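Protein chains: 2
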Amino acid sequence: MASPENNRRIEIYDTTLRDGTQGVGVSLTLTDKLAITQLLDEMGVDFVEGGYPLSNPKDVAYFEEVQKLELKHTRVCAFGMTRRKGIDPADDQGMQALVNSGAPIITIVGKTWDLHVDEVLRISREENLAMIRDSVAFCRSADSVQEVFYDAEHFFDGYRANPEYARQTLQAAIDGGATRLVLCDTNGGSMTDWVTQVMAELKEKLAVDADTSAESLPSLAIHCHNDAGLAVANSQAAVAAGAVQVQGTINGIGERCGNVDLLTVIANLKLKLGYDCLIDGAVARLGELSDAVYEKAAVEPNDGQPYVGDNAFAHKGGMHVHAVQRIAHSYEHVEPESVGNQRRILVSELSGRSNIAATLGQKFGDAVTPEVQTNLLTKVQDLEHRGYQFEHAPASLELLMYEAIGQRPSFWVRDHYRCVILGVPEEPTQTEAIVKLTVGDEVEHRVAEGDGPVNALDAALRKALRAHYPQIDELTLTDYAVRVVNPTAQSAAKVRATAEFEARGVDGNLRRFSTIGVDENIVDASWQALSDAIQYYLIEVGAEK
Amino acid sequence: MASPENNRRIEIYDTTLRDGTQGVGVSLTLTDKLAITQLLDEMGVDFVEGGYPLSNPKDVAYFEEVQKLELKHTRVCAFGMTRRKGIDPADDQGMQALVNSGAPIITIVGKTWDLHVDEVLRISREENLAMIRDSVAFCRSADSVQEVFYDAEHFFDGYRANPEYARQTLQAAIDGGATRLVLCDTNGGSMTDWVTQVMAELKEKLAVDADTSAESLPSLAIHCHNDAGLAVANSQAAVAAGAVQVQGTINGIGERCGNVDLLTVIANLKLKLGYDCLIDGAVARLGELSDAVYEKAAVEPNDGQPYVGDNAFAHKGGMHVHAVQRIAHSYEHVEPESVGNQRRILVSELSGRSNIAATLGQKFGDAVTPEVQTNLLTKVQDLEHRGYQFEHAPASLELLMYEAIGQRPSFWVRDHYRCVILGVPEEPTQTEAIVKLTVGDEVEHRVAEGDGPVNALDAALRKALRAHYPQIDELTLTDYAVRVVNPTAQSAAKVRATAEFEARGVDGNLRRFSTIGVDENIVDASWQALSDAIQYYLIEVGAEK
Chain R
1 MASPENNRRI
11 EIYDTTLRDG
21 TQGVGVSLTL
31 TDKLAITQLL
41 DEMGVDFVEG
51 GYPLSNPKDV
61 AYFEEVQKLE
71 LKHTRVCAFG
81 MTRRKGIDPA
91 DDQGMQALVN
101 SGAPIITIVG
111 KTWDLHVDEV
121 LRISREENLA
131 MIRDSVAFCR
141 SADSVQEVFY
151 DAEHFFDGYR
161 ANPEYARQTL
171 QAAIDGGATR
181 LVLCDTNGGS
191 MTDWVTQVMA
201 ELKEKLAVDA
211 DTSAESLPSL
221 AIHCHNDAGL
231 AVANSQAAVA
241 AGAVQVQGTI
251 NGIGERCGNV
261 DLLTVIANLK
271 LKLGYDCLID
281 GAVARLGELS
291 DAVYEKAAVE
301 PNDGQPYVGD
311 NAFAHKGGMH
321 VHAVQRIAHS
331 YEHVEPESVG
341 NQRRILVSEL
351 SGRSNIAATL
361 GQKFGDAVTP
371 EVQTNLLTKV
381 QDLEHRGYQF
391 EHAPASLELL
401 MYEAIGQRPS
411 FWVRDHYRCV
421 ILGVPEEPTQ
431 TEAIVKLTVG
441 DEVEHRVAEG
451 DGPVNALDAA
461 LRKALRAHYP
471 QIDELTLTDY
481 AVRVVNPTAQ
491 SAAKVRATAE
501 FEARGVDGNL
511 RRFSTIGVDE
521 NIVDASWQAL
531 SDAIQYYLIE
541 VGAEK
Chain W
1 MASPENNRRI
11 EIYDTTLRDG
21 TQGVGVSLTL
31 TDKLAITQLL
41 DEMGVDFVEG
51 GYPLSNPKDV
61 AYFEEVQKLE
71 LKHTRVCAFG
81 MTRRKGIDPA
91 DDQGMQALVN
101 SGAPIITIVG
111 KTWDLHVDEV
121 LRISREENLA
131 MIRDSVAFCR
141 SADSVQEVFY
151 DAEHFFDGYR
161 ANPEYARQTL
171 QAAIDGGATR
181 LVLCDTNGGS
191 MTDWVTQVMA
201 ELKEKLAVDA
211 DTSAESLPSL
221 AIHCHNDAGL
231 AVANSQAAVA
241 AGAVQVQGTI
251 NGIGERCGNV
261 DLLTVIANLK
271 LKLGYDCLID
281 GAVARLGELS
291 DAVYEKAAVE
301 PNDGQPYVGD
311 NAFAHKGGMH
321 VHAVQRIAHS
331 YEHVEPESVG
341 NQRRILVSEL
351 SGRSNIAATL
361 GQKFGDAVTP
371 EVQTNLLTKV
381 QDLEHRGYQF
391 EHAPASLELL
401 MYEAIGQRPS
411 FWVRDHYRCV
421 ILGVPEEPTQ
431 TEAIVKLTVG
441 DEVEHRVAEG
451 DGPVNALDAA
461 LRKALRAHYP
471 QIDELTLTDY
481 AVRVVNPTAQ
491 SAAKVRATAE
501 FEARGVDGNL
511 RRFSTIGVDE
521 NIVDASWQAL
531 SDAIQYYLIE
541 VGAEK
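Those sequence lines, one after another, are chains R and W.
My numbering applies: residue 1 is where the first sequence begins, and numbers increase by one.
My numbering applies: residue 1 is where the second sequence begins, and numbers increase by one.
Keep in mind the hints are simulated off the structure, nothing from the lab.
These figures come from a predicted structure and were not determined experimentally.
Check before you lean on any hint, since a few could be wrong.
Unchecked claim - Mimicking EDC-like on lysine to aspartate or glutamate, the simulated pairs with C-alpha atoms at most 20 Å apart in a straight line are:
#	chain 1	residue 1	chain 2	residue 2
1	W	Lys494	R	Glu427
2	R	Lys494	W	Glu300
3	W	Lys494	R	Glu426
4	R	Lys494	W	Asp479
5	R	Lys494	W	Asp193
6	W	Lys494	R	Glu449
7	R	Lys494	W	Glu500
8	W	Lys494	R	Glu540
9	R	Lys270	W	Asp193
10	W	Lys494	R	Asp32
What the hints assert, rightly or not - Chain R is nowhere near these chain W residues, computed Cβ spacing over 10 Å in every case:
#	residue
11	Ala61
12	Glu70
13	Glu127
14	Leu400
15	Glu403
16	Val443
17	Arg446
Ideal placement from N, C-alpha and C gives every residue a C-beta, glycine not left out.
The task is simple: from the sequences and hints, build the whole structure.
As structure tokens, this is what we get:
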């Protein structure tokens, strides 16, 4: 176990905006990139790599726009390759783009692995060393540049193949004036013991090569990928062996299996290993940072993500829930709130009755008798067998509870709904929804248009109900997701629709709640989620039926 | 780096069927559980934990049915808690269920952490030791039982709080006759150095406590959870420190952040660290095993999963793709095929033209001129901006290519489609789809029913086309998924539909291909994917229009 007070500050270098966007399905607009930069600065992230200024117009614009932000903690880094072979750095377009980006830090990536020098670049090994040295020196000499970091691509593979040459590439960067040597596990396949061993050898031998003391050499940084499931461990091993900087991305987004997830590393360094990083209070905002990046990158969140995932503090097994109720830390490695997350108690077919009691007891009190608990559990088990998941739809679960205690009101009786979608080439798809309901003594037969079936049904339902329950105008649909429950069946497979709504309760506070529907027909699954939500809300605000 | 030939066999203990089903959204039928057991046996997994025979009827049935399988390698384990306090094990229902399960291995879980003994169980520490000793001894004495494994819950937390008592609990299990001591990081928050340190101390001190040599003591096993992102590293650190058995789940499914993913550990142990496990050839089937468990558990696959994920060998950045084309292992830590996976070259807005050439060059040859590459890249960038993702839909990308070179045939002209969904309470939802197309000189106006809009449109489209293109009967829709592209917008947000089809090509071989559609209307997004698929297939089989 590392000392609880290592008392050393570790620099955090975020490359979500550059390496992160190499991830499948990841795309960030210029506005997104600037907003993420702002948020990272607020947390005290030391370095934000904004992109590669030559690669596309979006990255060029980023470096212009980011200069207008008033960043407090963060220094922005521009990323680029060493100069092309056989030319002066001053004549190289990429080099020019880097120094013209206005970024105070330039990160230059170069080749470590002799295989890449010989077979991919097809240049002499000496020329590769010169390219590294020249490129670092050229950037270092620009007025706008404060520091140059040298990013040693494939370092751990290159060092295995030819340790002598790998060290020479670092020496070239040192000679050029680099202030950080970033050891990259580019292919992500290194084992942790290898990272530790290489770090130890390097620190010793670089000092000998340079004929100087280790203290006057540039500090080492680590950049890991997760192809062997060891990115977090390898980053922490490098820190333990003396690295001063960890590079990674928020949520670990990135190419193939991703970069190291900085959120996990930060939480481990601060809460478990006693290192210092970011600013005070930042760890409690990790959940918020995670959400923001998922949303902007349009990447589906990983519910099982350490510390910040939706399930990271979710308790399902009856035995565990019982104990969590008694002593939280008996089944939680850190307090959920300390990393900006929260505990969830789940009801499912695996639950004991204690989960039912824990989930609903506070609201329904004595009505949650053992008999009601058993009935409700049976009902939940039956519905989950048919594809429902109440873990993500507590409002639908509460409606089942109202039903179980005989207190579910009927706000309307449906005759039918009908949804018509018309697709004509070159025209926007047209959708109409018709609902026919009996509300009180009146028959409401209404039609509405929408951008899709869910939107149209929502609109028609509101038209039918508004005169009777004007409160529904407070209710807003904020999220909607569909999932095929059995991915092996054909298009007749069941669809699970979950919907999230937002509304002000009677106390005036904004509340969110989620409902669920399951059917072979996506439209009917959506109808269930919609009508559950409206009924739930009307109960919540005490609407008279 | 560990020696490339550690030459030691590591036992693999799978608890997908028990601990895995604690994961949010994970549910396995009896048939699923038996099929997974069979598959694990084929790979040579040493132990399969089938469930907790007292907890529910499904688990009881499992232990009956599994005895009918002719397992070659696997021994089945039944999991249960120590006896209740103050009674004889023979009078304990749980103990009886365990020994009556017929399982050759019983795994008994007991308390290590004094906090749990004092505050959760609320029994004396001596009684807890007696419960462990008695329970292990009782199971060990049953005729059907070959071995008893003792599962030390919260071992790493308990050892930190009170190392002396934690050791006593293990000693109680040794005294009862346990043959494996399973050290559980139940809360999943341990750092790797701590696991290494505890393992080293234990091996030494248990031998002293027992007044015997370490060799005659039961061997140690490791059971990790991933709450700090270190489950793989911790499991491997325990193996390096002498553990003979790794417990975990397939794909790492499990409560909160999951159990350790056995697939990653197995690949690392076998391909990187030189240990022996499973049977020869099993590693090349890891991808298959992963797919089977995701499918049966109805859990969405993790595309970024090490070794077996869809993206684990996906190359997107232009520079990388260029190098991968030249020398595969320059950007891949292992060969994709060695773990039952495959390389993917992706085309996206980040791609250089080299990705376009790599993806389409083989099929379209000289038609992929630099000008065509540029046009296609612009088109792809534009569509991806609107929510398309061609990485998962290469067939739709190929149709764009046919368009770019002016060779996309028009098999029909659509007048319109119309889809009508009727929802009447207590009746199955009715769906009708109408399509009106001009095919050749004929107008085809057809209607069909289906279980949902996609199914009905598929049926109507086939009715309209069958007389003209009888080949389409060979084409089957095998998978269909929908995703809301912008999760922050309301129900009018865009929907991305991807569909996978299977058909025999002209060469008689079965082929799979995927298409994509994006629209605000889910029905139109699905229509795009469906009609792309039929057009693509007709081109592939050389249908005459």
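Okay, the hints, checked on the actual structure:
Our distance criterion of 20 Å between C-alpha atoms is met by lysine 494 of chain W and glutamate 427 of chain R, whose separation comes to about 16 Å. The straight-line distance between the Cα atoms of lysine 494 of chain R and glutamate 300 of chain W is roughly 15 Å, inside the 20 Å bound, and the hint therefore holds. A threshold of 20 Å between alpha carbons decides the hint, and for lysine 494 of chain W with glutamate 426 of chain R the separation of about 17 Å falls inside it, so the pair holds. For the proposed pair lysine 494 of chain R and aspartate 479 of chain W, the alpha carbon gap of about 12 Å is at most 20 Å, so the pair holds.
A threshold of 20 Å between alpha carbons decides the hint, and for lysine 494 of chain R with aspartate 193 of chain W the separation of about 46 Å lies outside it, so the pair is violated. Our distance criterion of 20 Å between C-alpha atoms is met by lysine 494 of chain W and glutamate 449 of chain R, whose separation comes to about 16 Å. For the proposed pair lysine 494 of chain R and glutamate 500 of chain W, the alpha carbon gap of about 16 Å is at most 20 Å, so the pair holds. Of the pairs offered as hints, the one joining lysine 494 of chain W and glutamate 540 of chain R is violated, with about 31 Å between alpha carbons and a cut-off of 20 Å exceeded.
Annotation: proposed proximity of lysine 270 of chain R to aspartate 193 of chain W holds, straight-line Cα distance about 16 Å (limit 20 Å). Under the criterion of a C-alpha separation no larger than 20 Å, the hint pairing lysine 494 of chain W with aspartate 32 of chain R is consistent with the structure, at around 19 Å. Alanine 61 of chain W, annotated as away from the interface, keeps every beta carbon of chain R farther than 10 Å; the closest lies near 15 Å. The Cβ of glutamate 70 of chain W lies farther than 10 Å from every Cβ of chain R, with a closest approach of about 26 Å, so its non-interface assignment holds.
For glutamate 127 of chain W, the condition that its CB be more than 10 Å from all CB atoms of chain R holds, with the nearest at approximately 18 Å. Separation of leucine 400 of chain W from chain R is adequate, the least Cβ-Cβ distance of about 17 Å exceeding the 10 Å criterion. Every CB of chain R is more than 10 Å from the CB of glutamate 403 of chain W (nearest about 15 Å), matching its label as outside the interface. At roughly 15 Å from the closest C-beta of chain R, the C-beta of valine 443 of chain W stays outside 10 Å, upholding its exclusion from the interface.
For arginine 446 of chain W, the condition that its CB be more than 10 Å from all CB atoms of chain R holds, with the nearest at approximately 15 Å.
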